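Chains as they are written, first to last, in this note's numbering: chain A, 293 to 456; chain B, 15 to 515.
It should be emphasised that the hints constitute simulated quantities derived from the structure, not laboratory data.
Hints should not be assumed to be uniformly reliable.
Derived DSSO-like pairs: lysine-lysine, alpha-carbon spacing no greater than 30 Å straight-line [stated by the list, open to error]: (1) Lys-322/A x Lys-443/B; (2) Lys-217/B x Lys-322/A; (3) Lys-374/A x Lys-443/B; (4) Lys-310/B x Lys-415/A.
Predicted model only: the values in this text are computed from it and were never measured.
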Amino acid sequence: MSASPQVLNRRWAEIFFSVITGAIALAVIKGALEMDVSWTSSGPDAGYFPFRVGLIILAASVVNLVQRGFLAPAEGNYVSRKDAGAMALFFVPLVGLAIGSLWLGLYLAIALYLVLAIGWIGKVVWHKTLAIALGASIALYVTFEFIFRLPLPKGPLGPLLGVL
Amino acid sequence: MIENFTNLFIGFGIALTPYHIALMFAGVAFGLVVGVLPGLGAPNGVSLLLPLTFAMDPVAAIILLTSIYWGALIGGSITSILFNIPGEPSSVATTFDGYPMARQGKATEALTLAFLSAGFAALVGVLLVTTLAKSVTQFALLFSPIEYFAVFMLAFASFVAFGGGSPVKTVVSIGLGLSFATVGMDTISGSVRLTYDVPDLIKGISFLVVVIGFYGIGELLETMQEPLAAKPVATRLDWSAMVRTAREWPRYWVTLIRGTLVGCWMGIAPGGPTAASFMSYGIAKRFTPGNKPFGKGVPEGVIAPETADHSAGTSAMLPMLALGLPSSATAAVLLGGLMIWGLTPGPMLFKERPDFVWGLIASMYLSNVAAVILALASVPLFARVMSVPFTIIGPLIGVVCIISAWTVSGSSFDLLLLFIFGILGFFMKTLNYPIAPMILAMVLGDRSEDAFRQSMLLSQGSLTIFFERPLSATISILTLIFLAMPIVSLLRHRFTKKAID
């Protein structure tokens, strides 16, 4: 049991997620209604199947919402403030890596990300961090460009590596 | 029968090239690492490497990926026994008695029993696949769209009935998987649907991105929430204890054979390794004579789940190849791979690509033996891998997820989807929405829909068509029974509670 205050308890998490699945169901139903959900000359149309699947998810979501949220409320902790912080510290830099890779190319972005995530956030000593970051980027480069022959975006490093 | 074994020898001819053998060992080694690492398991390992095999020959690709599967299954048992952390959902039951054994200083015995039982059961599973291949494909030839849809529904219903979690949540998972599969081009009419005017959605949602998001990002987020406190027990392997245990091992033949049979049954009928291992453990607990203290370190408690887990894993390849019906999440990912390589599972696959089918079956004999040998040799090494702090492993796994999602189709939109499905996966995992049925539904989505629409076309929209032909009627009635089971047990529960009050 963590003593850290709760951001979200289990009951509200259940309610929140059943609302999300219900919203997905509504989106599926709306998308299906844009097509034809009934019959055409060539049989059931494109919306026929998703429409029915959407209705099933919606019904199941309502059952979950009522049951977990109100009839038999789920109890206990879900995400504490400490957990949320740890998850954000992992998630946000990873999103940064994805966005950064669009400009820097994957290899350079990965090396920078690993320095940040292992050295700065993970507080691993810097020479070990550098060794891991460089080692991983070079190993990935060799694996993808030469063994699998599957070129990944290289960004500004591209012309540089092309010369080598 | 004879024909199957002739084919098997041709298969060995294909599988036994130096290149393929090297792939087997590489796959098993990678699988062991994946199985041992927290936050990774067989479905992740296979889906992370799947994009890399697009350029490979299908035979080589399937050998590599299935070898990862066998390696990961065994790797999952190592951490279950040494650290009480199941690397795989299907090795949860192994922790019940494996970890207590290790705590009592009998880690070597527990590991030896686990590996030998796993190897034995896996080989029985492959043998079953070999002998039944011909008859199952002939049976599959009887299938029309009506039977296919009925059997897909049976697979979904068995998750609702035996999945162990909340039946309503299982229905949500299946529905989400089916919906994700419908996004993009409709295969029958060619119209574009559920894209909400996002051009990137026209090509559909790749199930690989979903799998990597769920099992990769989602699982990492979950691990962040409760940092693993690995309390390793002494992991020095004692060779004389290993030999002694191996000598005693045949004495448990009843548990061995029973567990293997449970696994084979659950592998071929859609149940999967996880359900199989729990069921086998339950049966062993109930029927082992002498009132043994299960849960406190009984050898039978290790043998029973391990045999069922591995025989279910290998025998699941049969319905996957012959019917296109995967019975585990990993098999579903492999099936997706098959389609990406341009192969259509089903009886025709055995006719058109015997080299692929029999090369795979032959390789399963070898790679399972390789997995046991490599596992025995590398236990001390993996004990050390486990001690690498998560602050280093976590970001590295994150990097692998990003690269894998990128290699699926080289689109940055997939990276956005990866994060969305990662968050969705976190909620589903922590709120006990089962993920395996969702992956299964996603992989089977297009084919279920096609089968359903073709059936409806034949019947002019009447659902009774699923009950008209004897084969589909049998399957459909079984489906209805499975779906009714949670309701019946709920009512009975209510009733007995009232009676007590």
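Now for the hints, and whether the structure bears them out:
1. Lys-322/A x Lys-443/B: holds, 27 Å
2. Lys-217/B x Lys-322/A: holds, 19 Å
3. Lys-374/A x Lys-443/B: Judged against 30 Å, a Cα distance of about 19 Å means the pair holds.
4. Lys-310/B x Lys-415/A: violated, 39 Å
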